[in-house]
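Peer 1: Sequence:
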Amino acid sequence: MKQKKKIITALITVILISVIFIAEQPSFSINQLWPNGKEIVTLIRPVDSDTANFNAAIYGNIKVRFSGIDTPETKHPTKGIEPYGKEASDFTQSKLEIAQVIEIEWDKTQGTTHNRPVGVIFVDGINLNLLLVEEGYANLKYLKDTMPYAKEYRLAEKKAKEKNRYLAIKKALEKLNKIDFSYTLVKIGLIISFM
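Heads up: the sequence shown runs through residues 24 to 218, numbered per my numbering.
Worth flagging that the hints you see were computed from the coordinates, not collected in a lab.
Heads up, some of the hints might be wrong.
Quick list of in silico lysine-lysine cross-link-like pairs, PhoX-like style, CA-CA up to 25 Å [as the list claims (entries may be wrong)]:
1) K86 / K164
2) K109 / K184
3) K61 / K164
4) K109 / K181
5) K174 / K118
6) K164 / K102
7) K98 / K86
8) K131 / K167
Each pair of labels, with its calculated beta carbon distance range [said to hold, decoys possible]:
9) Q123 / P100: 29 to 39 Å
10) Q123 / Y82: 16 to 26 Å
11) I121 / K186: 16 to 26 Å
No residue lacks a Cβ here, since even glycine has one placed at the ideal position from N, Cα and C.
Taking the hints into account, I'd like the entire structure generated from these sequences.
Peer 2: Shown next, in the form of structure tokens:
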């Protein structure tokens, strides 16, 4: 009986010590680790213009989708390379590669997109997601008013449209030029056939 009490006491002691030890461990809430919600990361490699691989303390080596924006594809299995995809990808790559400090502000309003965490990327303190919109390389996508910087993104998109930098305008002009060119060829063909 005494032996049984000793075993029970020892088990209870081990359980209590374990509970205390676990309770003492810090939680890995982004806001607790980084007061401004940002994490300094290192670039592993850009994937395309709105996705990159980073080494992050919370996730380790992880592919991150840029929050609130969408850029032309460069590596899509069915779409292939879309118009301005290479330019947008080169722009993102150059900004990421020359940055002294890269930070990610994890977008907790979206969770993950395509099994990737979503975040706002900062290069040397500049919001890269916003810069892509301002320069006309990105359209707004999945943007909710509750998301970080939603107002800034909408204003940047409006200004990009006004400056004819907006990606949709570029694509429309490109299609229009192809149509005009095709029409001109048809016209020339008709003129030649009547001669």
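Peer 1: Can you name, in rising order, the numbers of the hints this structure does not satisfy?
Peer 2: Of the numbered hints, all hold.
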